[in-house]
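Engineer: Listed below, chain by chain, are the residues.
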Amino acid sequence: MATIELRQVRKSYGETQVVHGLDARFEPGEFVVIVGPSGCGKSTLLRMIAGLESITGGEIDIAGTVVNELAPRQRDVAMVFQNYALYPHMTVFDNMAYSLKLAKLPKPEIKERVGNTAEILGLTEMLTRRPSQLSGGQRQRVAMGRAIVREPKVFLFDEPLSNLDATLRVQMRVEIKQLHRELGATSVFVTHDQVEAMTMADRLVVMNGGLVEQVGRPVDVYNRPATRFVASFIGSPAMNFLHGTLSEHGDSHAVILKDGTVINTGPLEGARDAEKVTLGLRPEHLRPVPLTGAHLAGSIVLIEELGASRLVHLDTANGRLVSNVAVEDAGDWQMGDDIGLAIAPKHTHLFDRVSGFRLDRPEVQETATEESIAAA
Amino acid sequence: MRRVTFDGHWLPYLLLFPQLLILVWFFFWPAGQALYQAFTLSSPFGGYAEWVGFENFVDMVTQPEYHKAIRVTVVFSLATTALSLGLGLLFALFADRVLRATDFYRTLLIWPYAVAPAIAGALWSFTLDPHSGVVAFALKQLFNWGWNPELSSFDAMVLVVFAAAWKQVAYNFVFFLAGLQSIPRAVIESAAMDGAGPLRRVRDIILPLLSPTTFFLVVLNIVYAFFDTFGIIHVTTGGGPGDATTILVYKVFQDGFIGLDLSASAAQSIILMIVVMGLTIFQFRFLERRVHYAD
Ligand SMILES: Nc1ncnc2c1ncn2[C@@H]1O[C@H](COP(=O)(O)OP(=O)(O)O)[C@@H](O)[C@H]1O
Ligand SMILES: [Mg+2]
Chain H
1 MATIELRQVR KSYGETQVVH GLDARFEPGE FVVIVGPSGC GKSTLLRMIA
51 GLESITGGEI DIAGTVVNEL APRQRDVAMV FQNYALYPHM TVFDNMAYSL
101 KLAKLPKPEI KERVGNTAEI LGLTEMLTRR PSQLSGGQRQ RVAMGRAIVR
151 EPKVFLFDEP LSNLDATLRV QMRVEIKQLH RELGATSVFV THDQVEAMTM
201 ADRLVVMNGG LVEQVGRPVD VYNRPATRFV ASFIGSPAMN FLHGTLSEHG
251 DSHAVILKDG TVINTGPLEG ARDAEKVTLG LRPEHLRPVP LTGAHLAGSI
301 VLIEELGASR LVHLDTANGR LVSNVAVEDA GDWQMGDDIG LAIAPKHTHL
351 FDRVSGFRLD RPEVQETATE ESIAAA
Chain V
1 MRRVTFDGHW LPYLLLFPQL LILVWFFFWP AGQALYQAFT LSSPFGGYAE
51 WVGFENFVDM VTQPEYHKAI RVTVVFSLAT TALSLGLGLL FALFADRVLR
101 ATDFYRTLLI WPYAVAPAIA GALWSFTLDP HSGVVAFALK QLFNWGWNPE
151 LSSFDAMVLV VFAAAWKQVA YNFVFFLAGL QSIPRAVIES AAMDGAGPLR
201 RVRDIILPLL SPTTFFLVVL NIVYAFFDTF GIIHVTTGGG PGDATTILVY
251 KVFQDGFIGL DLSASAAQSI ILMIVVMGLT IFQFRFLERR VHYAD
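Line order of the protein sequences matches chains H and V.
Positions 1 to 376 (our numbering) are the ones given, in order, by the first sequence.
Positions 1 to 295 (our numbering) are the ones given, in order, by the second sequence.
Each hint should be verified, as a subset may be incorrect.
[As the list claims (entries may be wrong)] Here are some chain H residues pointing at chain V (derived, C-beta under 8 Å):
{"id": "1", "residue": "H20"}
{"id": "2", "residue": "A24"}
{"id": "3", "residue": "N68"}
{"id": "4", "residue": "L70"}
{"id": "5", "residue": "R73"}
[Stated by the list, open to error] Chain H stretches covered by chain V per the calculated footprint, using a threshold of three residues with CB under 8 Å from any CB of chain V:
{"id": "6", "segment": "74–88"}
{"id": "7", "segment": "116–128"}
[Claimed, not checked] Chain H residues, not near chain V, derived (Cβ > 12 Å throughout):
{"id": "8", "residue": "S38"}
{"id": "9", "residue": "E53"}
{"id": "10", "residue": "F93"}
{"id": "11", "residue": "D158"}
{"id": "12", "residue": "G216"}
{"id": "13", "residue": "R224"}
{"id": "14", "residue": "T227"}
{"id": "15", "residue": "A271"}
{"id": "16", "residue": "H285"}
Worth flagging that the hints you see were computed from the coordinates, not collected in a lab.
Note that CB positions come from ideal geometry on N, CA and C, so glycine has one too.
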């Protein structure tokens, strides 16, 4: 169990800076997921924590020690790589035992620890095989085993599931979480897959272009994305965005869209009248309603069947919208039909169009207060 | 794929003709001659030839000079192979680590390979010349070592080994570098994470994964040391002092063209031909069967 602290961590390759002054603190035993699009600097950050990449500026602190100048082996950190990176000329046993041999552990203890780890991962039958004789999922397990057997302070994962097929990926996702619960070591998991990120993280770090956009519990990041980027990246199918202008109505607010449609947003903090904003609406929050009384209306251009629900694509006067409609709410719609959609004010997300920052509602604060009053 | 067919039969033969002519003229005919001479005893001035069966071979293998030449060849080729492989690997490790093989560095290191053996020999003769060479001077000054390959057998061997290995380092470097670059970076990084320092990583991970390359190069370098180093030895030591650097190939030349004992010389070349065939078959057999580590 160890804390990881990043203080103004920067990384440049020559003239190009790819990580720009990151600050973060990962608590002991936490499962942190760093998520962001390809090329945003996730691997670079992880490799700096591992010691495989030099740190251009700032400090990385593991368990109270600044590790900037320490070699990987002095950091007591294990890493699982995307392509498994097993030693192809060694058996599964030797792959897992290598770090223990280097640590000069006595032979019987090595045997016992590798045996136990293999047991946990269901690899006991494979110990004498070479990596080339294993399936993708088994190789993945060996890579995990190689990390676990060392009992390190920190686990690092660099997109370890992206080479597996969909079924296996879901299965490994669950297994990794269970293992983490049993072992309890601080883990940093990097992925570009937001579903993986949402399902696995105790805490989510959303990165974009070498910067942290938001840090928080998955549910908070989903409910209150701090920037337009986070809103667009987290959630599937992706959030709809419409341009509009803010208007004040007493102590509440509303957005006036391009065609004059007014969408009520409830009270917003720090909002300016007539501010240019982007309105974000999640597909799953857009409910189909009769045309009279609808907030938004449009004609159907495409219906995607998902089984439990349907993705309905609409052309509206304000642009394209996607609504995720549960099967029981869906009508007998045809292409070209006009349908209406409604949105609850609490499900609207507003972002300043220039800065991209969220205009927040004070409601979360209020709920917390109500709860604490109720508790008292 | 569509099969290419020719109308009539003359075109393929016409296209093959120059190659066949060269093969027959420069290889099969002399090889046949050598075979004939190996089993006959002929006058150095021509004229008559007497069939003697295996007598030439018996003479050869009972000669102490021939045993000496075998020993010299073994020492020379092992030392040359070890030195040229070692240096090639060392340079490749550095290049892989620091430079990720810029074309400039690679080009620079491949140059010696383009130098003719005799030129390489001349170059090292000058450099290691006991009277005017820089190395002799430095050795004398630094270690009070009276370097003289004209008198000392050991010094002469060092000279030919260096000259022969130097030419081959470039070649080995290129192959090792290609081998190193085909090892996935993450595998080596994994070893670093597992706690292996740079030397341990070379020993435990890099060398085993390079072994197909190394094996190929060992055979190649031995063949080179056996057969392609004539020019170097001829220019530097002429096989001397005494017969300290007379390898088998050089002895063929000495016995045949200096001693004018064509029959003994031919018998020796037959043996060398068998050796080179053996090595080639060995290489093909094993190279194809080598383990290729799939990722
Ligand atoms: N060795 C390198 N030299 C130069 N640029 C690099 C190097 N490694 C990564 N980069 C650049 O740094 C940025 C971040 O890369 P990376 O951390 O691998 O992104 P991610 O893992 O989020 O996909 C990318 O723009 C990439 O091109
Ligand atoms: Mg990456």
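Engineer: Against each hint, give a clear statement of whether it holds in the structure.
Structural biologist: Structure-based check of each hint:
For H20(H), the interface hint is violated, since its Cβ never comes within 8 Å of a Cβ in chain V; the closest pair sits about 24 Å apart. Residue-level restraint check for A24(H) is violated (minimum Cβ-Cβ distance to chain V is 21 Å; threshold 8 Å). The interface hint given for N68(H) is violated, since its Cβ lies 16 Å from the closest Cβ of chain V, which is over the 8 Å cut-off. This hint is violated: L70(H) has a C-beta 12 Å from the nearest C-beta of chain V, more than the 8 Å allowed.
A hinted interface residue such as R73(H) counts as satisfied when its beta carbon comes closer than 8 Å to some beta carbon of chain V; here the least separation is about 4 Å, so the hint holds. For the segment 74–88 of chain H, the assignment as covered by chain V holds, since 10 residues bring a beta-carbon within under 8 Å of that chain's beta-carbons and 3 suffice. Here's how the segment 116–128 of chain H fares: 0 of its residues keep a CB closer than 8 Å to some CB of chain V, so the rule of at least three is not met and the hint is violated. The Cβ of S38(H) sits about 17 Å from the closest Cβ of chain V, beyond the 12 Å cut-off, so the non-interface label holds.
With a least beta-carbon separation of about 10 Å from chain V, E53(H) fails to lie farther than 12 Å from that chain, contradicting its non-interface assignment. With a least beta-carbon separation of about 14 Å from chain V, F93(H) lies farther than 12 Å from that chain, consistent with its non-interface assignment. At roughly 9 Å from the closest C-beta of chain V, the C-beta of D158(H) falls inside 12 Å, breaking its exclusion from the interface. The claim that G216(H) lies off the interface holds: its Cβ sits roughly 29 Å from the closest Cβ of chain V, which is beyond the 12 Å cut-off.
Residue placement check: R224(H) keeps its beta carbon more than 12 Å from all beta carbons of chain V (closest about 37 Å). For T227(H), the requirement that its beta carbon stay farther than 12 Å from each beta carbon of chain V is met, with the minimum near 33 Å. Every C-beta of chain V lies more than 12 Å from that of A271(H), the closest at about 48 Å, which supports listing it as non-interface. Every beta carbon of chain V lies more than 12 Å from that of H285(H), the smallest distance being close to 42 Å; the non-interface claim holds.
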